[in-house]
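Novice: Start from the sequences, fold in the hints, and give me the full structure.
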Amino acid sequence: MKGKYWFVLWVLLLLLQVLTSWIMRDRFPEVTLNTAALDADLLQLAEQTNATWQDWDVFPLPGQAGLNPRSREQDLIERESLLLQLKDIEEELYRPDIEMQVADDLELWLKGDRQSQSEYSITQYIRILIDWLQLVVQESEKFSLEKVSLYPDPSGRLPLLAFEFSGNPIAIGRTLLSLPSDRMLWKLGEMDMIQEEGGQAWWIRGSLSFATGPIH
Amino acid sequence: MNGLFQNLRRRGLSSSEQLTVFWSDTGAAFLRWFVPLDGCPCCTGFARLPVEQCNAQNYCQSLGRLIPPLRSRALSVQWLLLGEPALILRQANQRGASLPGWIEACWQGIPEQLLPDAIEDGIDTLEKRLRGWPAFSRNGHGCFLVLERRACFFAFANGEIFRRISRHGDEEMAASLVLDEDWMRQTRMLFNGRTGLDIRKVLIPQHMQGKLPSSRFGLEYAACQPKDWPESGRAGHTLQFLAQPAPVRDFHRQRLHYAGLQQRIASREQTSLFRAASCILLGGWLLLLLGACRSGEPDAHVQSGLHQRWEAAALRWEQSNNAWSLKDEEKKIREAPFILTGSILQSVPDGIELHRIHLSDGDGIEKGVLAVTLEGTSKGGEKSPQFRNWIRDLQGREVLLSVENLRFNRRKDWIQFQISGPGNPGGSE
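Each protein sequence line maps, in turn, to chains Z and L. All residue numbers for the first sequence refer to this note's numbering, where the first residue is 9 and numbers rise by one. All residue numbers for the second sequence refer to this note's numbering, where the first residue is 2 and numbers rise by one.
Treat the hints with care, as some may be off.
As the list claims (entries may be wrong) - According to the in silico footprint, chain L covers these stretches of chain Z (three or more CB under 8 Å from chain L):
| no. | region |
| --- | --- |
| 1 | 13-25 |
| 2 | 49-58 |
| 3 | 200-207 |
Worth flagging that the hints you see were computed from the coordinates, not collected in a lab. We put the CB at the ideal spot given by N, CA and C, even for glycine.
Specialist: Next comes the structure, spelled out in C-alpha cells:
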C-alpha cells in the first residue's frame with residue numbers, strides 16, 4: 009500500500025513539474041525576445057552617446073532650441089554690449105570708399121517693428137553678424153569690401169544682410185565658406201557677379217538672410 | 002548500556018553501528034554492535050527471543066527495545082540463519098522442504114521496513130571467517146564453539162573445512178560450555194574416516210577458558226584469541242564474531258533466497274526508490290517555482306526598467322540623429338550657391354569669357370534649385386566646339402539642370418551669349 013501511495017505522489021509531482029515548466033515557458037516569452045536591447049553595457053553606451061550629443065549644443069532636444077533661460081534684462085545688456093562690439097568692427101573696417109552702415113541700420117530696425125522677434129533671436133543674430141564681419145576683416149587682403157548694410161526683410165524676419173565685394177570670386181567664396189558650421193547660418197537670397205571691364209576682378213553684390221530653422 | 006552509548010557518542014561512531022538478527026531452531030537472537038576504528042567489535046545490545054515467543058509482534062518489540070524508534074532507519078539490519086533453517090532454505094528447491102512454521106509466520110508478519118536487505122547463511126559465513134584465521138587453517142587443526150545452544154566443531158583438512166554440530170539431545174554440553182570427551186572421540190573418528198587425517202589440536206576461544214578438557218589420546222587443547230575476536234565474554238559473544246565484516250578481501254557471505262521475503266524486500270526497495278524520486282521531484286519543483294517567482298516578479302520589473310531606459314535612449318538618439326541630418330542638410334543648402342558659382346567659374350574653357358553670373362532663389366523654383374543666368378562672350382561663335390562642350394559639360398555634371406533661355410548677340414568674329422536655367426547646387430564641381 010505504501011509503495012502505491014509513493015508511486016501516486018511521484019506521478020503527481022512529475023505532472024506538477026511538467027505543468028509548471030509549461031506555464032513558465034508561456035509566461036515570459038517577451039522577456040527573452042529582445043536580449044540585445046536589454047544588454048546593460050549596450051544601454052550604458054547608448055546613454056553616454058546621447059549625453060555627449062546633448063553636451064554639444066548643435067543637437068538640442070526638440071523644444072529646447074532657442075530656449076532662453078535668462079531674463080530679458082540680461083538679453084538687453086548683452087545686446088547693447090554686442091552693438092558696441094559691432095560699432096568697433098565698423099570703425100576698424102572704415103575707409104572713405106566703403107559704405108558701411110550695419111550698426112545704424114540695426115538700431116533703426118530695433119526701433120521699428122520687430123515682428124515679435126524674441127530677444128534671444130536678436131542677440132543670436134547680432135552675434136552671428138559680428139562673426140561674419142570679423143571674418144571679412146580678417147580676410148580683407150584677399151578682396152575688398154565695398155558695401156555692407158542691413159535692410160528689412162519683406163517677409164518680416166530678421167533684417168537681410170546686403171553686401172558688395174570686389175576681387176577674386178573664388179577667394180570670396182572660400183572665405184565665406186570657411187565659417188564654422190554652427191556660425192554658417194546665412195542663406196544666400198540673391199547674388200549678382202559682374203566682371204569689371206578689362207580686368208580679372210569681379211564686382212559681387214548679394215544678400216543673405218538669417219535663418220536658424222529648417223531652410224526651404 | 003548507557004555507558005556504552007556514552008562511549009559511542011564520545012567516539013562519534015554511532016553511524017557505524019549495525020544490527021544482526023540470528024535465526025536458528027532455538028529462536029531469534031538480536032545483536033547490536035559496532036567496530037571501532039582501533040579494535041575488536043563491541044556489542045552495544047543483545048536480546049533473545051525463544052521459539053515459543055517468536056512472532057512478529059515480539060520481534061518488533063525486541064527490536065524496538067534495542068533501537069530507539071528514530072534511529073531505526075539509520076541502522077542497517079542483517080539476518081543470519083544458523084543450523085537447520087539455513088540448511089532447509091539452501092536445499093528447499095531440491096527437497097521441497099519448508100521452513101518451520103513459527104519462522105514463516107513470524108517473517109510474514111514483520112513490517113517491510115524492518116526486513117533485511119539479504120538473508121545469509123551463518124554457518125557458511127563462520128566457516129569462511131575461520132578460513133582466514135591462520136592458527137586454524139592447518140591440517141588436523143579444529144575449533145570448538147558453542148553457537149545458539151549447539152556445540153559446533155570445525156576441522157581443517159587439505160583446504161576444506163569439516164563441521165559437526167550437536168543434536169537436540171546434546172544441549173547439555175552446549176549449555177555447560179564443556180567439550181564432552183566421548184563426543185570429541187566420535188568426531189575424531191568421523192574426521193579420520195573422511196579425510197585420513199587425525200585431529201591434533203583443538204582451539205577453544207578464551208571465553209571458555211578454565212573449562213578446557215584434559216589433553217588425552219595425543220589431542221591438544223589450546224585456548225585461543227583470534228585477532229578480531231571480541232574481548233568480553235558476554236552473551237552473544239560468538240555471534241559477534243560471526244556478525245562482523247570479514248577481514249578477507251574476497252569474502253562473500255552465502256546468500257539465501259526465500260521467495261516470500263524476496264518479493265517484499267523488492268517491494269520495499271521500490272517504495273524507497275519512489276520515495277527518494279518523489280523527494281527529488283518535490284525539491285526540483287520547489288526550486289523551479291522559486292526560480293519562476295524570482296525571475297517572474299522582480300526580474301520582470303528590472304527588465305521593464307531596462308526596457309524603458311532603452312526606449313528613452315533610442316528615442317533620444319533618433320532625435321539627435323534627425324537633428325544632425327537636418328543641420329547637415331541645411332549646411333549643404335547654405336554652402337550650395339557658393340559651390341555652384343565656383344563650379345561654373347572653374348569650368349570656363351579657353352575662348353569663352355564670362356562677364357556676369359546671377360543667382361537667385363526666386364519663386365516657382367523647387368527646393369534646393371537656384372535660377373542661374375550666365376552672360377559672356379564666345380570667340381568661335383555658337384557652333385564652336387568649346388562652347389558646345391562647355392554647355393554639355395555643365396549639363397552632364399548636372400550643374401545646369403537645363404538650358405531654358407539661350408540668347409546670342411552676334412558681333413564680327415565673336416558672339417555675346419546669355420544662358421538662363423535652373424542650377425543644381427548639389428552638382429559636382
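Novice: Which of the numbered hints are not met once you compare them with the structure shown?
Specialist: none
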